[in-house]
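Trainee: Chains as they are written, first to last, in the numbering used here: chain A, 1 to 227; chain B, 228 to 454; chain C, 455 to 681; chain D, 682 to 908.
Keep in mind that the hints are not guaranteed to be accurate.
As the list claims (entries may be wrong) - Lysine-lysine pairs mimicking DSS-like chemistry, simulated, CA-CA at most 27 Å apart:
1) B/323 x D/848
2) A/226 x A/167
3) C/680 x C/550
4) B/433 x A/96
5) A/206 x A/96
6) C/456 x B/323
7) B/394 x C/587
8) A/206 x B/229
9) D/777 x C/558
10) B/229 x B/360
FYI, nobody ran anything at the bench for these hints, they're computed from the structure.
4 protein chains.
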Amino acid sequence: MKPILAVNMKAYESAFGERALDVARSAREVANSYNDIRLILVANPLNASRLVSVYEDLYIQHADPVGFGAYTGFLPPGGVKLEGIRGVLLNHSEHKILYRDLEKTINMARDAGLEVMACADTPGEAASIAHLKPDMIALEPPELIGTGIPVSRAKPDVITRGVSTVKSIDEEILVLAGAGITSGNDALRALELGAQGVLVASTVMKSREPGKKMMELAEWMTRWVKR
Amino acid sequence: MKPILAVNMKAYESAFGERALDVARSAREVANSYNDIRLILVANPLNASRLVSVYEDLYIQHADPVGFGAYTGFLPPGGVKLEGIRGVLLNHSEHKILYRDLEKTINMARDAGLEVMACADTPGEAASIAHLKPDMIALEPPELIGTGIPVSRAKPDVITRGVSTVKSIDEEILVLAGAGITSGNDALRALELGAQGVLVASTVMKSREPGKKMMELAEWMTRWVKR
Amino acid sequence: MKPILAVNMKAYESAFGERALDVARSAREVANSYNDIRLILVANPLNASRLVSVYEDLYIQHADPVGFGAYTGFLPPGGVKLEGIRGVLLNHSEHKILYRDLEKTINMARDAGLEVMACADTPGEAASIAHLKPDMIALEPPELIGTGIPVSRAKPDVITRGVSTVKSIDEEILVLAGAGITSGNDALRALELGAQGVLVASTVMKSREPGKKMMELAEWMTRWVKR
Amino acid sequence: MKPILAVNMKAYESAFGERALDVARSAREVANSYNDIRLILVANPLNASRLVSVYEDLYIQHADPVGFGAYTGFLPPGGVKLEGIRGVLLNHSEHKILYRDLEKTINMARDAGLEVMACADTPGEAASIAHLKPDMIALEPPELIGTGIPVSRAKPDVITRGVSTVKSIDEEILVLAGAGITSGNDALRALELGAQGVLVASTVMKSREPGKKMMELAEWMTRWVKR
Chain A
1 MKPILAVNMK
11 AYESAFGERA
21 LDVARSAREV
31 ANSYNDIRLI
41 LVANPLNASR
51 LVSVYEDLYI
61 QHADPVGFGA
71 YTGFLPPGGV
81 KLEGIRGVLL
91 NHSEHKILYR
101 DLEKTINMAR
111 DAGLEVMACA
121 DTPGEAASIA
131 HLKPDMIALE
141 PPELIGTGIP
151 VSRAKPDVIT
161 RGVSTVKSID
171 EEILVLAGAG
181 ITSGNDALRA
191 LELGAQGVLV
201 ASTVMKSREP
211 GKKMMELAEW
221 MTRWVKR
Chain B
228 MKPILAVNMK
238 AYESAFGERA
248 LDVARSAREV
258 ANSYNDIRLI
268 LVANPLNASR
278 LVSVYEDLYI
288 QHADPVGFGA
298 YTGFLPPGGV
308 KLEGIRGVLL
318 NHSEHKILYR
328 DLEKTINMAR
338 DAGLEVMACA
348 DTPGEAASIA
358 HLKPDMIALE
368 PPELIGTGIP
378 VSRAKPDVIT
388 RGVSTVKSID
398 EEILVLAGAG
408 ITSGNDALRA
418 LELGAQGVLV
428 ASTVMKSREP
438 GKKMMELAEW
448 MTRWVKR
Chain C
455 MKPILAVNMK
465 AYESAFGERA
475 LDVARSAREV
485 ANSYNDIRLI
495 LVANPLNASR
505 LVSVYEDLYI
515 QHADPVGFGA
525 YTGFLPPGGV
535 KLEGIRGVLL
545 NHSEHKILYR
555 DLEKTINMAR
565 DAGLEVMACA
575 DTPGEAASIA
585 HLKPDMIALE
595 PPELIGTGIP
605 VSRAKPDVIT
615 RGVSTVKSID
625 EEILVLAGAG
635 ITSGNDALRA
645 LELGAQGVLV
655 ASTVMKSREP
665 GKKMMELAEW
675 MTRWVKR
Chain D
682 MKPILAVNMK
692 AYESAFGERA
702 LDVARSAREV
712 ANSYNDIRLI
722 LVANPLNASR
732 LVSVYEDLYI
742 QHADPVGFGA
752 YTGFLPPGGV
762 KLEGIRGVLL
772 NHSEHKILYR
782 DLEKTINMAR
792 DAGLEVMACA
802 DTPGEAASIA
812 HLKPDMIALE
822 PPELIGTGIP
832 VSRAKPDVIT
842 RGVSTVKSID
852 EEILVLAGAG
862 ITSGNDALRA
872 LELGAQGVLV
882 ASTVMKSREP
892 GKKMMELAEW
902 MTRWVKR
């Protein structure tokens with residue numbers, strides 16, 4: 001399995017308009033250059049349907065537990081699929097939902113043929129989510145998000161406990177680590193701790209050169225594969 | 228001022244993928260054929276950024292009271308603007324928000340250069356929204372939405388009271404009527420009652436031929452203009 | 455009509471246990487000493503049913519739009535009435551609810567025989583609430599709550615506009631002013647601006663001698679009556 | 682350890698006013714007659730502070746993740762304690778909260794010296810809650826609540842899996858079963874499946890003779906102890 005580099009575009013200014021297209025084009029280049037890792041771009045709902053025509057390994061940042069119908073402004077998993085988007089990120093620390101809604105949305109996403117990456121703040125929350133069998137769980141201590149203090153340095157035990165907790169429930173779920181990861185070295189360290197990928201955001205999206213930052217992260221993660 | 232025909236695509240199956248493109252193309256044709264009315268397409272957040280390249284007089288069905296930043300899955304009005312979308316629908320009966328959030332989102336949308344259509348269930352709610360000075364208020368008794376029982380027949384007084392209440396606070400706000408409108412005749416009746424436009428959804432989106440239904444509505448509303 | 459002094463106990467430490475009983479006993483004394491004003495104590499849901507046996511002119515700080523039934527942890531207006539409580543405060547700036555839920559709860563409270571005081575942040579919000587015909591509307595600019603900067607000094611126009619807006623919709627609704635009121639003089643000034651009462655909280659509840667503070671406010675408001 | 686019979690009074694009409702006092706008095710009698718079990722009454726926030734003077738082994742149906750302060754209408758765990766209430770029920774199927782808020786409220790409740798019973802809809806949700814170390818977890822499949830179809834008959838595996846999942850994380854957490862339990866026999870069956878108690882509601886609160894129904898349940902559960 002290839003290690004995963006997931007880039008959450010969030011609602012940064014660089015996530016919209018022309019700049020978002022640049023990020024998507026850069027992602028394509030990085031993915032082409034580094035075949036040993038998988039690069040997932042997690043786009044804002046506002047333009048996921050537009051960016052997917054530029055970069056196809058694209059997730060959306062949220063979906064709602066609704067089917068097709070009279071749900072003004074809500075995002076049905078079935079609609080996400082019809083827009084050609086590959087997967088959905090759910091329950092991010094900045095967008096928490098009830099466990100019950102998470103269960104329903106995961107089931108609807110799976111039925112629609114979408115991949116699912118669900119976020120957890122703690123190993124305990126990760127345990128509950130593992131029971132819902134998403135494809136991936138991204139573990140991010142919220143107190144480190146956006147700080148530049150990498151989880152893989154500051155809270156290595158969160159990663160190791162998270163990985164073992166999730167795997168003890170379902171071995172097939174991939175566990176990603178996130179929060180505060182800014183350098184290739186931080187990403188590498190997360191893999192060494194047992195994570196199968198990383199979820200990053202500000203380090204790419206607030207960078208002057210998002211493409212270059214993605215390149216750096218991909219480069220270090222490739223080293224891990226080649227060891 | 229041209230009467231307004233606003234079509235809320237909601238999250239109907241026809242609002243996504245290829246079928247959504249067909250609706251947008253049809254909207255363009257109708258708008259070209261009927262210059263005396265204004266046709267606004269209100270797209271789901273999932274594909275508003277994609278449809279706007281086909282039909283430019285396009286609104287999005289929701290936005291959140293956030294600026295640019297770390298807001299995973301939320302829709303900043305500034306991002307809506309950067310995606311080239313013209314306006315935003317807020318506070319729909321199926322997506323109610325707190326008055327305080329409505330105020331904040333309207334202000335952010337205006338600052339971003341977006342038009343705003345805000346929904347109200349009752350003349351009383353319309354009054355409060357009029358104080359926030361959106362461009363348009365769409366008045367829709369929720370008990371009639373999707374029923375096929377047109378507000379303009381079943382509750383004409385809601386329209387007349389709504390119009391007078393809103394206009395007494397701010398004359399420049401356009402008042403649209405909605406809920407249960409299915410025929411051109413229903414739309415015409417709404418205009419006769421003082422509304423400056425109509426908001427429709429299921430009658431177009433659940434139709435086998437959405438373009439034909441929009442055409443019919445536009446045709447009747449044009450008669451009103453030519454009287 | 456007697457001017458109203460409403461004391462919101464909130465969730466201050468002095469709002470619970472023995473100290474809450476002291477506040478209720480003091481309220482009784484003040485009410486007995488100052489017959490020209492009406493003193494309403496607005497108790498936390500945790501002990502409203504207990505305090506009402508000490509002071510009967512008592513409101514509760516919130517209720518939910520539910521009837522009797524399987525609603526674990528929710529507060530039906532009918533239950534509030536069965537507990538002997540006189541009225542309910544709704545939609546406080548710290549506990550905002552959807553307009554739709556406010557409408558439903560006000561109707562249920564009225565049907566149960568409860569008085570209703572609804573809060574508004576702005577004259578615009580007050581307008582919408584006036585359409586729902588509560589007994590009182592308490593207008594509180596949220597940016598002044600708890601600051602000690604009295605609305606009656608800092609934003610007198612909010613009071614005057616709020617009063618005229620509400621009265622233009624329904625003359626019988628009483629309008630109270632609140633936020634930042636700490637002295638008898640501030641309260642007096644609110645009455646001079648057209649308010650029919652004041653809503654206070656921290657100045658009483660965070661005082662070492664809540665009874666003395668209520669006494670002071672009652673004293674100044676009584677002067678207004680005797681003018 | 683004594684098996685637990687927890688009675689959730691919810692917001693049934695019998696949960697308020699005089700009838701609630703009757704239930705509390707009956708609970709006292711049952712508890713006095715059946716020393717081998719523990720009877721917990723879970724009162725509505727509207728009158729928990731009043732009922733605890735009649736029956737002391739009393740929980741409240743909800744609390745909020747707030748400390749003392751300006752939180753109009755919210756229920757601080759510290760205030761629950763000051764009102765003499767013994768414990769708090771959280772995250773009931775009818776009152777779901779975010780995992781993050783559950784974590785915060787459990788911690789605040791523990792710091793205040795309250796016992797905590799947290800509810801879970803599924804064994805998966807129970808797993809996540811076990812990581813937060815409440816005193817008890819009540820497992821209730823929501824689709825059976827109020828149906829009269831007992832979980833201990835219809836979904837015995839939910840109980841057995843729930844018990845083993847929770848115990849594998851923390852052996853000291855007591856696991857209760859609930860939903861649809863109406864007879865003493867149903868309660869007995871839950872104990873046989875490994876539950877350490879039951880959570881009931883409608884069968885007592887909608888009964889003409891709540892005391893008699895509690896007596897019946899206590900009687901059967903006592904048999905289990907005496908085996």
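Trainee: None of the hints should be skipped; say for each whether it holds.
Mentor: Hints, one by one, checked against the model:
1. B/323 x D/848: violated, 42 Å
2. A/226 x A/167: holds, 24 Å
3. C/680 x C/550: violated, 37 Å
4. B/433 x A/96: violated, 33 Å
5. A/206 x A/96: holds, 23 Å
6. C/456 x B/323: This hinted pair is violated, its Cα atoms lying about 38 Å apart.
7. B/394 x C/587: holds, 21 Å
8. A/206 x B/229: The hint is violated at about 44 Å.
9. D/777 x C/558: Holds. Residue 777 of chain D to residue 558 of chain C sits at ~21 Å (cutoff 27 Å).
10. B/229 x B/360: The given pair, whose Cα atoms are some 20 Å apart, holds under the 27 Å limit.
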